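Enquirer: Okay, here's what each chain looks like letter by letter:
2 protein chains.
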Amino acid sequence: MKILVVGSVAYDSVETPEGKRESQLGGSASYFSVSASHFTEVGMVGVVGKDFRDEDLRMYESHGIDISGLNVVDGRTFRWSGDYLQDINTAVTHETQLNVFAEFAPSLSEKHAAAPFLFLANIEPSLQLRVLEEMSSRPKLVACDTMNLWIDIARPSLAELISKVDILTINEGEARQFTDEEHLPSAAAELLKTGPSTVVIKRGEYGAALFSDKFNFAAPAYPLAKVVDPTGAGDSFAGGFMGYIAATGDTSEEGLRRGAIVGSTMASFAVESFGLERIRSLSREDIEERFKAFVELTRFQPIDGSNGLPLR
Amino acid sequence: MKILVVGSVAYDSVETPEGKRESQLGGSASYFSVSASHFTEVGMVGVVGKDFRDEDLRMYESHGIDISGLNVVDGRTFRWSGDYLQDINTAVTHETQLNVFAEFAPSLSEKHAAAPFLFLANIEPSLQLRVLEEMSSRPKLVACDTMNLWIDIARPSLAELISKVDILTINEGEARQFTDEEHLPSAAAELLKTGPSTVVIKRGEYGAALFSDKFNFAAPAYPLAKVVDPTGAGDSFAGGFMGYIAATGDTSEEGLRRGAIVGSTMASFAVESFGLERIRSLSREDIEERFKAFVELTRFQPIDGSNGLPLR
Chain A
425 MKILVVGSVA YDSVETPEGK RESQLGGSAS YFSVSASHFT EVGMVGVVGK
475 DFRDEDLRMY ESHGIDISGL NVVDGRTFRW SGDYLQDINT AVTHETQLNV
525 FAEFAPSLSE KHAAAPFLFL ANIEPSLQLR VLEEMSSRPK LVACDTMNLW
575 IDIARPSLAE LISKVDILTI NEGEARQFTD EEHLPSAAAE LLKTGPSTVV
625 IKRGEYGAAL FSDKFNFAAP AYPLAKVVDP TGAGDSFAGG FMGYIAATGD
675 TSEEGLRRGA IVGSTMASFA VESFGLERIR SLSREDIEER FKAFVELTRF
725 QPIDGSNGLP LR
Chain B
425 MKILVVGSVA YDSVETPEGK RESQLGGSAS YFSVSASHFT EVGMVGVVGK
475 DFRDEDLRMY ESHGIDISGL NVVDGRTFRW SGDYLQDINT AVTHETQLNV
525 FAEFAPSLSE KHAAAPFLFL ANIEPSLQLR VLEEMSSRPK LVACDTMNLW
575 IDIARPSLAE LISKVDILTI NEGEARQFTD EEHLPSAAAE LLKTGPSTVV
625 IKRGEYGAAL FSDKFNFAAP AYPLAKVVDP TGAGDSFAGG FMGYIAATGD
675 TSEEGLRRGA IVGSTMASFA VESFGLERIR SLSREDIEER FKAFVELTRF
725 QPIDGSNGLP LR
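Protein sequences appear in the order of chains A and B.
One point on numbering: in our numbering, the residue at position 176 of the first sequence is 600, and numbering is uninterrupted.
One point on numbering: in our numbering, the residue at position 305 of the second sequence is 729, and numbering is uninterrupted.
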């Protein structure tokens, strides 16, 4: 197993301008692992209730995801309901039921504790910290995600977590909220000072931007004719990004750049259908073709010896 | 003269979080021509009042801009005042004084009417149409810009104008407003149906996106540590974009892609200082260096024979 993810596994009820779904499989760990599973072996740590559907467990397994760390306990699976009717980029939460997540205390098997790559998907920061502490040795690369709620109610433990990771993935609005910097490069600079060597700022339909001490990289979003359901786009991005890096072992600047485009590729698929429908049924050809579309979307002729700018 | 621009020449009073300026030289034609002048010979058509400063005329001339079409008439120069205090991306207009622009009726010299490239910068659409009709033959490429005001109060003539240009540059919000399409690729598709072969959607700090029947291209914005004054960013983009295309004569897909990066380069300089301060004092080295920074900002390894994605 190359990459371990801890995060939420949920049943979501969601409504978008394109329709609605009741109790569809979701959660940060679900989107991340299915996305990453196209590239590498993933182990998932989380908790679900007795109501969790067998077919969903089998779907993870069919993607080669190691679910030995997914505890099934008495009670109901975490549930979220919301809509994107006003603004396709912003969820309005109707209800969050923590259910079995209220008592979740992750504990890692020996195999999971030795994973060389670790993604701490969005859950309560103290749980993310606990998983990081349970690792038997420092992974080659640790990344984490978070959400506005934890900035509001758990800032000290979130700040501690961020100080201990290599890569932070965070939404644009959350980066502003956390740093109190309106201007994004300034927010990224503040975040870099607090610990991570790379900050990935997710900008929804505008793509993602990587900031580090050594380089910046801008990954656009793919211009889709229609966004059906934006739920899980960020976690699908992280799954492609970290899945690519874990599969190649390439944590260099080149690896991070290419990983961000793989992440954008996976995010673009995620939002094309409700829930995991699209990213769980992708072929290798689908992924290669969309990656190549990103090459086309961004390429232009650089300056070289015979091809300078026509400057006066 | 390679490219003709018609648009506003103005004295702006502007306040941003970085300071304020009274009566600084501005207007769509000013930003466009100074930006384009780094690449090619520009002719400017517009009108100013008797209060227009000699030093400003000399600044244009020092950039090799042909101001024989800039009429100096009785009255005061167009004036705009506004601020970007609430949101650095959105101007709040305090006052607009049309002054000499109220009676402006552009008329082209023989030389100007034969220009091979034409940019119809933001002014009243019927004036843009009039200039297009005054051209002695169809230019190789015609582009136009506009603003929300004309969508509100002059939609029929704006629609007629758009149907007659090759390239439309338009802000994201205006594209949504004009088409009533919330989703940007859909808005671009609607705009392409109405006439232009390429639509350039300007997204401020998110960069610009080119849409055509044949290809899409995403140009990021340069991640600046500080935006001092966003006034004129769109016109500076257009100046770099059209200036590059006019200088090379390359209206192919490759020319448009590279032109968009040149445009983003010039826009990134424009917002670094108040008014025209930065873009009027750029060296060739400044421009080349920033263009190369865009190469670094966007490059990643594509798929080739020996370098596929690690797909399972």
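If you are wondering where the hints come from, they were derived from the structure by calculation, not from laboratory data.
Hints may be right or wrong, so weigh each one.
Pairs count within a copy or across copies, as identical chains cannot be separated in the list.
With a cut-off of at most 27 Å between alpha-carbon atoms, the simulated DSSO-like pairs for lysine-lysine come out as follows [what the hints assert, rightly or not]:
#, residue 1, residue 2
1, Lys638, Lys650
2, Lys426, Lys588
3, Lys564, Lys588
4, Lys535, Lys650
5, Lys444, Lys650
6, Lys650, Lys617
7, Lys564, Lys617
Keep in mind that this is a model prediction, so the values were computed, not measured.
Enquirer: Could you run down the list of hints and mark each one as holding or not?
Expert: Here is how each hint holds up against the structure:
no. : hint              : verdict
1   : Lys638 <-> Lys650 : between (36 Å within a copy, 19 Å between copies)
2   : Lys426 <-> Lys588 : within (20 Å within a copy, 57 Å between copies)
3   : Lys564 <-> Lys588 : within (13 Å within a copy, 57 Å between copies)
4   : Lys535 <-> Lys650 : neither (41 Å within a copy, 47 Å between copies)
5   : Lys444 <-> Lys650 : within (15 Å within a copy, 42 Å between copies)
6   : Lys650 <-> Lys617 : between (38 Å within a copy, 18 Å between copies)
7   : Lys564 <-> Lys617 : within (21 Å within a copy, 51 Å between copies)
Of the numbered hints given earlier, the model fails hint 4 alone.
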